[in-house]
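There are 2 protein chains.
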Amino acid sequence: MFDTAELDRKVSKEDYAEKAPLLRQELLETQIILKEAPFPVIVLFGGVDGAGKSETINLLHEWLDPRWLIARAYGKPTEEAAQRPSFWRFWRDLPPHGRIGFFLSAWYSDPILNRVHNKTSDAEFDEELDQILNFEKGLTDDRVLIVKFWMHLGRDAQKERFQQLEEDPLTSWRVKEKDWENWEKYDDFTEATERAITKTSRGQAPWHIVEGADERYRTLSVAGTLLERIKRHTQQLAASSEEASPEKAKVELSSDLSYNPTPEITILSQLDMTLNLPKPEYSERLEELQGRLNQLSRQAQEAGVSTVIAFEGWDAAGKGGAIRRIIPGLDSRLSQVIPITAPSAEEFSYHYLWRFWRHIPMAGRVTIFDRSWYGRVLVERVEGYATEEEWMRAYAEINDFEAQLVSNRTVVCKFWMNITKEEQGDRFERRKKLPHKKWKLTEEDWRNREKWDAYEAAVNEMIERTSTFRARWTLVEANNKRFARIKVLETICDGLEKELAKSEA
Amino acid sequence: MFDTAELDRKVSKEDYAEKAPLLRQELLETQIILKEAPFPVIVLFGGVDGAGKSETINLLHEWLDPRWLIARAYGKPTEEAAQRPSFWRFWRDLPPHGRIGFFLSAWYSDPILNRVHNKTSDAEFDEELDQILNFEKGLTDDRVLIVKFWMHLGRDAQKERFQQLEEDPLTSWRVKEKDWENWEKYDDFTEATERAITKTSRGQAPWHIVEGADERYRTLSVAGTLLERIKRHTQQLAASSEEASPEKAKVELSSDLSYNPTPEITILSQLDMTLNLPKPEYSERLEELQGRLNQLSRQAQEAGVSTVIAFEGWDAAGKGGAIRRIIPGLDSRLSQVIPITAPSAEEFSYHYLWRFWRHIPMAGRVTIFDRSWYGRVLVERVEGYATEEEWMRAYAEINDFEAQLVSNRTVVCKFWMNITKEEQGDRFERRKKLPHKKWKLTEEDWRNREKWDAYEAAVNEMIERTSTFRARWTLVEANNKRFARIKVLETICDGLEKELAKSEA
Chain E
1 MFDTAELDRK VSKEDYAEKA PLLRQELLET QIILKEAPFP VIVLFGGVDG AGKSETINLL
61 HEWLDPRWLI ARAYGKPTEE AAQRPSFWRF WRDLPPHGRI GFFLSAWYSD PILNRVHNKT
121 SDAEFDEELD QILNFEKGLT DDRVLIVKFW MHLGRDAQKE RFQQLEEDPL TSWRVKEKDW
181 ENWEKYDDFT EATERAITKT SRGQAPWHIV EGADERYRTL SVAGTLLERI KRHTQQLAAS
241 SEEASPEKAK VELSSDLSYN PTPEITILSQ LDMTLNLPKP EYSERLEELQ GRLNQLSRQA
301 QEAGVSTVIA FEGWDAAGKG GAIRRIIPGL DSRLSQVIPI TAPSAEEFSY HYLWRFWRHI
361 PMAGRVTIFD RSWYGRVLVE RVEGYATEEE WMRAYAEIND FEAQLVSNRT VVCKFWMNIT
421 KEEQGDRFER RKKLPHKKWK LTEEDWRNRE KWDAYEAAVN EMIERTSTFR ARWTLVEANN
481 KRFARIKVLE TICDGLEKEL AKSEA
Chain W
1 MFDTAELDRK VSKEDYAEKA PLLRQELLET QIILKEAPFP VIVLFGGVDG AGKSETINLL
61 HEWLDPRWLI ARAYGKPTEE AAQRPSFWRF WRDLPPHGRI GFFLSAWYSD PILNRVHNKT
121 SDAEFDEELD QILNFEKGLT DDRVLIVKFW MHLGRDAQKE RFQQLEEDPL TSWRVKEKDW
181 ENWEKYDDFT EATERAITKT SRGQAPWHIV EGADERYRTL SVAGTLLERI KRHTQQLAAS
241 SEEASPEKAK VELSSDLSYN PTPEITILSQ LDMTLNLPKP EYSERLEELQ GRLNQLSRQA
301 QEAGVSTVIA FEGWDAAGKG GAIRRIIPGL DSRLSQVIPI TAPSAEEFSY HYLWRFWRHI
361 PMAGRVTIFD RSWYGRVLVE RVEGYATEEE WMRAYAEIND FEAQLVSNRT VVCKFWMNIT
421 KEEQGDRFER RKKLPHKKWK LTEEDWRNRE KWDAYEAAVN EMIERTSTFR ARWTLVEANN
481 KRFARIKVLE TICDGLEKEL AKSEA
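Chains as they are written, first to last, in my numbering: chain E, 1 to 505; chain W, 1 to 505.
Next up, chain E with everything else stripped away, as it sits in the complex (with noise of 0.2 Å):
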C-alpha cells in the first residue's frame, strides 16, 4: 500500500516556484466561495511522525484566510471529554457550513496506537473503525466534504528525519524517547495502518497518501489535492440540487494544477528494467524451482491450503509465458487455469466479481487467472467501461474479496508483468513477422498502447490501493522472460511456504 509512497518523489525549487503562487491563489478563491457553501470540509492528517503533518496545517494557514479556519489536535482527553463517548470531542469540534476544518490525527490515533501496543484485538480494532466508518459516513451522508491524508515516510526515511531534527538545536526538542520507541514498532504500524486506510477507504472519504519526505512535492500535492475535491464536491452538490439552476452547476473542474506534481514518476517507473538471467542459470533455477512447486503444492493439498494466482501486465509482457512454466510444478487434476477475457451475456448479467467467485479453488488446489478482477480498475476503467464511481469502490471491493480466501487459508498472488514501452514495440514488431505468433496480435493491442500513459496511472493507483499486507502485489521486470518467469516462480514457492509453516505452527 505504501510502496507507491516511497518512490523517492521531489519538486525543484523553481517548479515550486512556478507552481505554488497560483496554487495558493486558486485555493484563496475557493475558499472565498466555500464561505456560503452549504457544507464544510474536514481535512484529516494521519501519518508517520515526521512526515510533515504540522508543517503542512501550518502552510496552509499562511496561504489561507486563517479566520474561516479551525485546527485540532488532540492528545488524552480532557476531563470534559474522558467523561463522555470518545467522539463526544469531534462532535464538539466539528466545523459549521462554509470552513475548513484541519484535524491532526484525530478519530485514528487511539485506534491505531492501541492495536500497535496490543491493547487491542485485531476484532476490537476492526469494530472501531467501523465505528470511524459510521461517523464519517454520517458527516458525508450531510453532505461535509471530508478529505483525508496519509503522510508517509519510509522507514529509513522516518530515521533520516528524525536525525535531522535531532542535529539542529532549534528542533531537537521535537523528537522525543516516544518517537524512537515507535520508530522500532515501525512495521506493525505499517500493518495496523495499512488495515486502517484499507477499511475506512470506503465510501465518500478515500485516503490521499502522500510521500511526505519532500517539503515542496508534499505541499503542492496537499494542497492540489484539496482544491481538486473542494471544487469537485461543489460541482457534484450544484449537480444533485434540483433546485440549482443549470448556469450554477458549471463551477468549472480544471485546473492546471494536477494535483500529482509528479505524475511522471509511478511505482513502475522505479523499477530496474535491465535486470536478466542468463540461459545457462535459468535452466537449473528453473528445475530447481518446479520440482520446489510440486513439492509444496503437494504438502499444501494435504493441509487443505489452497492458491489463487492472479496475472496482469502489459500486452505481450509474457503472461501466457510464465503461466505455462508454472504448469508443470502442479498436479493438472488438482490446478486449473482461468483466461480471462471481455465477459460473456451471460457474466456480464451478473456482479463482475461472480466469473471469479465461481472458479475459487477448494482446500488445497490452485487456480490461476490469466487476467483477473483487476479488469475492472484496468481496462475498464480506462477504457470507460466502468463509470468512476465504480471503478472506485472496486478498490474496496476487491480487498474485501481477497481477505476472505486469505483468512480462508489461500496463498494470494498477483503479479503485474512489468515490460517497457519499447520492449512492446520490439515484441510486437517480432510477433507480425511470425506466423505461429502473429494471430495473438489484434487491433486492440495497438489501442491499448496509445493509452500507456492513463493505463501506468491507472496500475499505480491499483497498486496503491490494493497492495495489501494479506494480498501483496509482486512487481515483474518482465523485459527479460527469463528473470521474469524465475522470479514468478520464487514468489509462489516463497508464498505457499509461508502459508505452510503458519499450518504447522
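Hints were generated in silico from the structure; no laboratory data involved.
If you're wondering where the values come from, they're calculated on a predicted model, not measured in any experiment.
Errors might be hidden in some of the hints.
Same chains, same label: a pair holds when it works inside one copy or across any pair of copies.
Unchecked claim - Here are the simulated lysine-lysine pairs, DSBU-like style, with alpha carbons at most 35 Å apart:
1. K119 - K19
2. K19 - K433
3. K185 - K119
4. K10 - K185
5. K498 - K76
6. K502 - K76
7. K76 - K451
8. K421 - K13
Use these hints to put chain W onto chain E, whose structure you have.
Chain W only, in chain E's frame:
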C-alpha cells in the same frame, strides 16, 4: 424492535379474497417487465421458526411464473462449499438480471445461531455482520434489489404454532426437538436478531418486519411490499439512468394496495388508554419515587453512571408536566433540561445530531431532552423538512448514537407520551380558555393535529426501528396525567437501578 410485530394483526377472509387476486395480477405483470430489467431481485426471508417463511415462498411460486424464479435454502455447507470462503455458495447462487431469487435465512443463519449458542463473541458477531453488510452493499451498488423480510412471532405465538403443527399428523414431522430447544432460547435469539437487523438495515437493503401469525396478513404484507420495492427500484433506476428517455422514467408507482394491509393497527392503537391512577395513591407514590430517584441519582453520580432522558409525544400530552415531576428527584447542579425547538441558524449549519452531542452529560450527570433527535423521523419526516433518504438513514444513525451512549455507561430512557386524539382536543379547548396556558397553544398545534395519521405511522415506524435491547422505548399511556407521571418516574428509577446493579457486579 419486535413490539410492532406483536399486534395481532389479521386480514379477514373477505378482505383477502378481494385484495389477493389484484395483488397477484399486478405482481405477475411486474415480473414480466422485470425480465428485461438490468438487475436481479434477491428476496431474503429470515425469522422465527413457524412464522411462515417457507409457506410464503411456496405461495409466491404459485403466484409468479416459476421459470424466472430461483429458491435456495441452506443447511450445513456441502463439501464443495465447506472448502471455500463462506460466501462462495451465496455468490454461486445469485440470480442473474431479470430474475427473482428467494433465499431462506441464507447468510444470516449461521452468524445469528452461532451467537445464540455462544460460539461467537459480540465482537466476532459484529465482524460477521460487517461482512454481510459489505456483501450486500457490493450487490446493491451493482443495482441488485435486495428485499429482506423478517417474519416474526411472539414467544407465546410461536409455542402455539408449534403445538398446532404437532397436533396435526400431516405436519407433526415439521416440529423437531431442536425447534423446542431453540424456543427455550427465544430471548437470546431475539437479542441477537435485533442486533443483526439494526446493523444490517443500513443502506439500500432495509429489513421489513412482518407479523407472521396470520397467514392472510403476512401474505398480503410480503407480496405488497415486494411489489412496491420492485416498482420503486425500477423507477429509481430509470430516473438515474441518463440514457433513459423521459417517458421511460415514468413507471407508475402508485398502487391501490398499500403494502400494509392493516394500517389502522399500530403499536399506539394497542395501548390501553383508559389506565388511570387515583389522586391519593398518586401523591403517595410520587413522593416515594422522587425519594427513590434522589437516592439512585446520587449513587449514579458516585458510580459515574450518566442518564439521558428523551421525551417525545403528541402536543399537549404532558411532557412538561412529567419533566417537572422528575426535577425534584435530581440535584440541580448535576442535571439540566434541554428544550428542543426548531434548529437555530447556527445549529442548522451542522449535522442534525451535533446539537444533541453538545449536551451529552458528563459521567454521573443527567440530561433531559424535551423533544429530541427523534424530530428527524417525526416532524422533519412528516413536514418534509428532511428528504426520505435523510430520515430513512436516520434510524441507523440514531441507533448508533444511542449505542455509543449506552456503552459509555449511560442510562437511556425514551418516552413516547401518548394521548388519544379526543383527549388532545379536550386539552386544546381547555388551554384556549385558561389565560396562563393560552400561550402554549399555537397555530402549529392545530396543523399538527390535522396530520395525526401521518404522525402515527411515523411513530410506529420509529418504534419499530429504534426500540432496541440497549435503548428501549417506553410508551406512556398519558390520557391520565397522574398515571403517566408515575410510569415515567418508575421507568427512570428502574433503569438506573439496573445499570447500578451492573456496576456493582
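How the hints compare with the structure:
Taking the shortest alpha-carbon separations for K119 and K19, neither the intra-copy value of 45 Å nor the inter-copy value of 59 Å comes in at or below 35 Å. For a Cα distance limit of 35 Å, the shortest separation of K19 from K433 qualifies neither inside one copy, at 48 Å, nor across copies, at 73 Å. Taking identical chains as interchangeable, the C-alpha atoms of K185 and K119 lie at most 35 Å apart whether they share a chain (14 Å) or sit on different chains (34 Å). When the C-alpha separation of K10 and K185 is checked against a cutoff of 35 Å, the pair qualifies only within one copy, where the shortest distance is 27 Å, while the shortest distance between copies is 64 Å.
Taking identical chains as interchangeable, the C-alpha atoms of K498 and K76 lie at most 35 Å apart only when they sit on different chains, with a minimum of 31 Å there against 40 Å within one chain. For a Cα distance limit of 35 Å, the shortest separation of K502 from K76 across copies, 27 Å, qualifies, whereas the shortest one inside one copy, 38 Å, does not. In this homomeric assembly, K76 and K451 never come within 35 Å of each other (Cα to Cα): the closest approach is 51 Å inside a single copy and 49 Å across copies. In this assembly of identical chains, the alpha carbons of K421 and K13 lie at most 35 Å apart only when taken from the same copy (31 Å versus 75 Å across copies).
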